[in-house]
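2 protein chains.
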Amino acid sequence: MTHTAEIICVGTELLLGNVVNTNASEISEALSELGINVYYHTVAGDNPGRLRAAIDIAAARADIIITTGGLGPTCDDLTKQTLADAFDLKMVMHEDQAEHLKKYYFGNLHNAAMTSNNLRQTVFPEGCTIFPNECGTAPGCAFFARGVHVLMLPGPPREMRDMLKKQAVPYLLSLSDYGIHSHVIHVFGMGESLMEDKLHDLMETMTNPTLAPYAKEGEALTRITARTHSPEEAEALMAPVMEEVLKRLGNVVYGVDIPDLESVCVKLLSEKELTLACAESCTGGMLSKRITDVPGASKVFLGGITAYAAAVKEKLLDIPPELISSEGVVSRDVALAMAAGARKALGADLGIGITGLAGPDGDGSEVPVGTVYVALSSADASYCRKLKLGNNRVRTRTIASSHALDMIRRSLTGLPVEAI
Amino acid sequence: MTHTAEIICVGTELLLGNVVNTNASEISEALSELGINVYYHTVAGDNPGRLRAAIDIAAARADIIITTGGLGPTCDDLTKQTLADAFDLKMVMHEDQAEHLKKYYFGNLHNAAMTSNNLRQTVFPEGCTIFPNECGTAPGCAFFARGVHVLMLPGPPREMRDMLKKQAVPYLLSLSDYGIHSHVIHVFGMGESLMEDKLHDLMETMTNPTLAPYAKEGEALTRITARTHSPEEAEALMAPVMEEVLKRLGNVVYGVDIPDLESVCVKLLSEKELTLACAESCTGGMLSKRITDVPGASKVFLGGITAYAAAVKEKLLDIPPELISSEGVVSRDVALAMAAGARKALGADLGIGITGLAGPDGDGSEVPVGTVYVALSSADASYCRKLKLGNNRVRTRTIASSHALDMIRRSLTGLPVEAI
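Line order of the protein sequences matches chains A and B.
Numbering that gives the first Met the number 0 numbers the first residue of the first sequence as 0 and each following residue consecutively.
Numbering that gives the first Met the number 0 numbers the first residue of the second sequence as 0 and each following residue consecutively.
Any given hint might turn out to be false.
The list makes no distinction among identical chains, and a pair is therefore deemed to hold if it is satisfied within one copy or across any two copies.
[As the list claims (entries may be wrong)] With a straight-line cut-off of 30 Å between C-alpha atoms, the simulated DSS-like cross-links for lysine-lysine are:
| # | residue 1 | residue 2 |
| --- | --- | --- |
| 1 | Lys89 | Lys271 |
| 2 | Lys385 | Lys164 |
| 3 | Lys165 | Lys343 |
| 4 | Lys165 | Lys197 |
| 5 | Lys298 | Lys387 |
| 6 | Lys164 | Lys387 |
| 7 | Lys298 | Lys314 |
| 8 | Lys165 | Lys387 |
| 9 | Lys314 | Lys343 |
| 10 | Lys314 | Lys246 |
| 11 | Lys89 | Lys387 |
| 12 | Lys164 | Lys215 |
| 13 | Lys385 | Lys89 |
| 14 | Lys343 | Lys164 |
| 15 | Lys343 | Lys298 |
Note that these hints are calculated values from the structure, not bench results.
All of these numbers come straight from a predicted model, not from anything done at the bench.
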């Protein structure tokens, strides 16, 4: 059967415009992949009467209601009680949840005292399935009553995302005898429009599987999705499409079904038993941060030097002051010297050097804001890319660090490193 | 009189999760400043029947309806027709808009042919005020019927934002003589529940101004909001509440109406003309990244060393190998030595050292995952905090770097640094 869902996000902060409702779009995306129709999103504030009205409207037009927010301990948080009232369910205390919460407070939080209002988080509508919260204190839950499946997720996006993936999606999958299976192809170095151009005829004509393009922080993704009774059937449908897409896109594809570029680099370095060090100027530690976001990075990443001040570049990376004064601190030669300096100072196999102007202000020289040089140095070779990224500090830093990762990937897989 | 608005965003792309609904939060923020209550946001797809149902519900509970989307030329765009039907208004052609559109197509658009469905954009509900679109082709409009003000804005955020500011806000201002004014108090080192406990009686009893708590990535916020005829009146109402809240929360408050902890630190360091260097192990560059996210950080931040490998700690930070082998790499003494090492290696006034286990795996020692030591070193003193943050890599890294920033803030403002 086809299900129809409505998403109700609870929180006065959404109605005041303090917070953008990313939860609704993330849940919608997940439901869309599951083949569940979403006809409405509703946002209501922390007001039981108005929330109740929204629930009654949703219950009359959808058979799945997913809420976010209002599960925490503060007195504004009343989603569970209001939903229980709307479906005539009692609220019952779950002793195991109280125990869990006490442990969390006494064991994990530094100097945090558990107040009695935290115990609100251990009361749930009778007969519900509890969704543990692995990223915070407030658990979610789900129940089925009067023909409607109700799922409650927390409001903080990080907690919501984790619970959506680990608890809500499996719960919703069990409601359907069709399954959705998909593969995601990750691309760096080709824009979404060009990628779409190359795949346009396939996207237009296919119905199962389908192909959909996405853009993400300077990268592009293509998702292949099949809707079938079994995973085997799905794989059989997707295999020829995957082959065709990979052939058309070529070596800008950096992976399929993987988290990100940094994970690919950590995996390649581990397989080849090579180590990495980096020297960052304008990215200010972002590359190190992204690499060490990957669990297990410590096996291959020796460390990095964030050399913001010129004196630090000279001292820690052994860059001749004459080079900086003749070429300028934002230059190909300084990037290459930083890459080599990081490699030598830390005794690594590969070194990365990044120097540039992230903005918003220039450095007084003629170099335009958004100019970044990214260099890679190994025992045998060195490479440098010059980027022109415009005046957007966050975007420039993100894309420059992605280029460094792309150069690492390309050098470790025998592809041309400078060209993209 | 007090107005109540409802925002209806129209577009199947929102329900599929392809687009995040930034329009709703931007309109909400503008309405909040105008003193207009927003009780609901609704998102409906490009379907006339379901849009009509949402309009009928909104018309029964709000006296202002603001829509976004569905004004363009494609056959999916049906907001004007559906609203006209709902309020029993005829649709009439505006000849001047047709002329304007023809000029736009022939004069402004490169290689764009005007198709006959573009003329849909020149038909409006009878008697409406037309909102010119300075950033695109589809004009918006507003009408008043059956006690409800209806305003229609375009869907593309850039067009919506421009029309909101230039057309919709002036239209709405003429309806009200109240305004909303607010201040946000930022807190680190006290959870949302404990903060709410301390402010509970105020939150419960106050109506103007109001107090509302929020949580954000290991931090807590409190917003004071007043609804008055003038900004001066608002400040007068808020001042005693602000004083009381600041008194009750004490020195965990790190700022009012400021972006974040890192901005506070960069500002304090700039004012005192002091420089900073950091040595990071488990946070892997996240602290450097956060500090250099702040424009102008280059004046105070000399650089950082991400010392993931023990050999890097020894070589670049001059930490005796014996110290690491006797105390363990995750220890108070190593954190303090890293802070001092960073300060000396980079020639900075303040040094930060962070060592810990972010997980998911331990390091084979008895130190539990989530243990982090954060140290600060200056010429006169050194401090260290021991944190127990549980097994969540992202959260542990974020909170540990926030503690480092909090220690910098406290040491620069003469507060106790180790205790929180």
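Under a CA distance limit of 30 Å, which applies to Lys298 and Lys314: within one copy, between copies, both, or neither? So Lys298 and Lys314 pass the 30 Å test inside a copy (27 Å) and across (18 Å) alike.
Within, between, both or neither: Lys298, Lys387 at alpha-carbon 30 Å: Cα proximity of Lys298 and Lys387: across copies only (24 Å, versus 33 Å in one copy).
Within, between, both or neither: how does the pair Lys89, Lys387 come out at a Cα-Cα threshold of 30 Å? neither (61 Å within a copy, 37 Å between copies)
For the identical chains here, do Lys165 and Lys387 meet the 30 Å Cα criterion within one copy, between copies, both, or neither? between (40 Å within a copy, 25 Å between copies)
Please sort Lys89 with Lys271 into within, between, both or neither, judging by C-alpha distance up to 30 Å. The answer is neither: 59 Å in one copy and 59 Å across copies each exceed 30 Å.
Treating 30 Å as the Cα threshold, decide for Lys385 and Lys89: within, between, both or neither. Neither. Shortest intra-copy (64 Å) and inter-copy (43 Å) distances fail the 30 Å Cα cut-off.
Quick one: Lys165 to Lys343, C-alpha cut-off 30 Å, is that within a copy, between copies, both, or neither? This pair counts as neither: shortest intra-copy Cα distance 43 Å, inter-copy 46 Å.
Copy assignment of Lys385 with Lys164, given that the CA separation must stay at most 30 Å: Neither: 39 Å inside a chain and 33 Å across chains, both beyond 30 Å.
At 30 Å max between alpha carbons, let me know whether Lys164 reaches Lys215 within a copy, between copies, both or neither. The answer is both: 19 Å in one copy and 21 Å across copies each meet 30 Å.
Reference check for the pair Lys164 and Lys387, CA-CA at most 30 Å: within, between, both, or neither? between (37 Å within a copy, 27 Å between copies)
Within a copy, between copies, both or neither: where do Lys165 and Lys197 come within 30 Å Cα-Cα? neither (34 Å within a copy, 35 Å between copies)
Please sort Lys343 with Lys164 into within, between, both or neither, judging by C-alpha distance up to 30 Å. For Lys343 and Lys164, the Cα distance exceeds 30 Å both inside one copy (43 Å) and across copies (46 Å).
The structure does not agree with the numbered hints 1, 2, 3, 4, 10, 11, 13 and 14 stated previously, though it agrees with the rest.
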